[in-house]
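Chains as they are written, first to last, in full-length UniProt numbering: chain C, 1 to 338; chain A, 1 to 484.
Among the hints, a few may not be true.
Claimed, not checked - With a straight-line Cα cutoff of 27 Å, these simulated DSS-like cross-link-like pairs (lysine-lysine) come out: (1) A/Lys-256 - C/Lys-75; (2) C/Lys-221 - C/Lys-131; (3) C/Lys-29 - C/Lys-77; (4) C/Lys-77 - A/Lys-256; (5) A/Lys-80 - C/Lys-131; (6) C/Lys-29 - C/Lys-289.
Claimed, not checked - Label pairs and their in silico Cβ distance ranges: (7) C/Pro-209 - A/Asp-270: 47 to 53 Å; (8) A/Pro-63 - C/Thr-255: 46 to 52 Å; (9) C/Glu-217 - A/Leu-49: 46 to 52 Å; (10) A/Ile-53 - C/Asp-49: 40 to 46 Å.
For the record, the hints were derived by calculation from the structure and aren't laboratory data.
Cβ atoms here follow ideal geometry from the backbone N, Cα and C, with glycine treated the same way.
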Amino acid sequence: MKRTVFWGALAMTAMAAGAAAADTLSEVKNRGELNCGVNPGLVGFAAPDANGNWAGFDVDLCKAVAAAVLGDPGKVKYVPLTGQTRFTGLSSGEVDLLARNSTWSFSRDTDLKLDFAGVNYYDGQGFMVRKDLGVTSTKELDGATICIQTGTTTELNLADYFKANGMEYQPVNIDSNAEGEQQYMAGACDAYTTDISGLAATRAAFADPENHVILPEVISKEPLAPAVRHGDNNWGDIVRWTLNALIAAEEYGITSKNIEELAKSSENPEVQRILGVTDDLGAMIGLDKEWAKRAIQASGNYGEIFAANVGEQTPIGLARGLNAQWTQGGLLYAQPFR
Amino acid sequence: MSNPNHGPDAYLREEMLPEMPPPARETGMVKWLHENLFSGPVNAGLTVLGLLIVWFLFDHFYPWFAHSVWNASSLPECRKIIAETWGEGAGGACFAVIRERWNQYIYGFYPPGLYWRPTLVFGLLFVALAPILFSISRNIRRIVLMTAAIATLLSLVALNTPSIWLGVAVAIFAVALLVAERHQMWLLGFSAFYPLLGVWLIWGGSFWWIIMILAGMGFGWLAFIIAGRLSPLLAGSSAIVVTLLVWVFLSGDAAKDAENLYSLAITRVDSEAIGGFLLAITIGVAGITMSLPLGIVLALARRSDMFLVSSLAVIFIEFIRGVPLITLLFVAQLLLNYFLPPGTSFDIVLRVIIMVTLFAAAYMAEVIRGGLAALPAGQYEAADALGLDYWKAQRLIVLPQALKISIPGIVSTFIGMFKDTTLVAFVGLYEPLKNISDAVRANIEWKGIYWEPFIFVGAIFFIICFSMSRYSMYLERRLQRDNR
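Using the sequences and the accompanying hints, generate a full structural model.
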């Protein structure tokens, strides 16, 4: 808790001093490179491969924004930020955009002076236990020892949830996901808790995934959202509408494969506006006509990005769930392009 | 032979007994065991307990090491191979991750085609160090240089070094080997040039920058000579001022113009790409070489009679020692940005090196101050009696003895500092222990791997730190001048 306050205070000082750099768009254009804050390593979301090329769900958002603004998805400098330095890194100007699986919460939006540009992944906190423990519901975890990563919202959610249900637990503090897995495997804790997406990836990497279950309850809302600095609304708009373009592209069936064809032949006025065939939406945010088209071309629409990084065809095997389009019973709902 | 007197010593033996072997308990293995391991019931008990612990550890870990898999492309594949070879349920190490990702542990995200550059810098490090660390024995110097030359050249060939650079490397090593035989002090010239060469080779860019930096120093030296005729104080200050002026106002533009006229540039590599042991060793070597002189100056300043000088030194040392290194690193990464004008980019690796150097220098100052304090007052008085001025007394009498006394402490500080380079993980740099491992684990193929990277990285750290400690013992023996 103290730690959170400390980082908050540091970030506040940051804002007071760093408000000078206001126009992020022209800064990025002058630099010719987008500085994108990412997780130093999270399976499916951001990870460098053997050649140092970054890939992942969050990384693809960085690429889309770079494609929209600079015309080239490769012009991104990935700045790995730890859980402790991510928000200070953003407010101090070290990065232009923070796409680092960060939960959109009240205090971060207001007190830390961040602007969240819309949710790119709806996550939630869950629990994993050994099957032979015989536990089928989170409600049966009274008195359990639980491995929990410090300095995250999951730590606070865990405390809230157990308090609300009048249960006791014994926390085993861990620093990283790898350490958590190790503690859990060694039997140092009965249950391991983190975001469901993380649990799924962890379980997939076990030697014996069939002996572990992820409990059905989801105890928190974790809308993971890309963030920008407070105070530069135009830059925030660019990130928000790039994300919206990716989501809308899936809704209207624009994929990286058929995008050229649709740009020529589509009769749908919304698709025409997104792809810059009619109207000039780009000019309203300081970009050119085809910004959204390039963003979608970078790694495909939202559905393609999801499938390539974390979807059911990958070893992580996440179902779309809440992250399906609103038309499919999910929560993805891009505001109209008009 | 017979005894003529049948007196009281008639029982005396006349002939020598044949030599007997010593009793079994007093010789060889048995004696050693008895004296060292089973000299009493308590010691015998402790020995048995120790053996049990060793056996327990061996029994526990041997199968894991014995079942190592070196050839696989992912953790599940490793597990499959282990299960197929040693049966279901067998545990084993998956060192294949090291085989697949060794390059990232060594070079971070440095462009693979350019791996030869840091390798060459590392090999030349031994040439630069030879006249400093191995100045006493020609034999050892020869062995060190030969080993470095052969190992470096073989690695360079394996890494597909362009032939021009291979030729340069061969030439440097050949000249160094020849010069080291007779005139090793000439190599100090290379040692002085080495930092610039190393920086240029690792980060790349235009060689004109290096030339212009040297030119600035050249102008400074000229100023030193000219002003030196007027007054020694003026000479020192004008040398510094002229050098800085040239660097600030002339070097940048001159280097750019020269680069446009005739390009001497090699591919630039960003600091973010530097990681793994390349990063640890870069920070370590830079910190070590800069913190020692800085520490000496601080230690002398702290013992100075001048109030301002000594109190500034005390404030600096106590402030730095009173703050954890991580705090300084956070300051370097985050707070400095607020003080610098927006838009200035000040290399993060450089920032970290500065902080680590300051941190090590504060500790170094105290270690050396200990050495200075241990020196008998007679030595200082003898220096005064000889009529030496302050700097000559320090250089010729005090420091050589004080530094010799401080060797164990100095090397401990070096080793501690080198290990502390892993703390740069917290400012997002890819040091080998944590962040490279986490990045490797973040790929689904290697997710779930835990101990193998630690063992690999730990082994390399051990080799480097152990070598430093052995070197310090060698140096202590070599420098022993008393007859104790």
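Point to revise | Those earlier numbered hints the structure runs against, lowest number first | key: 7
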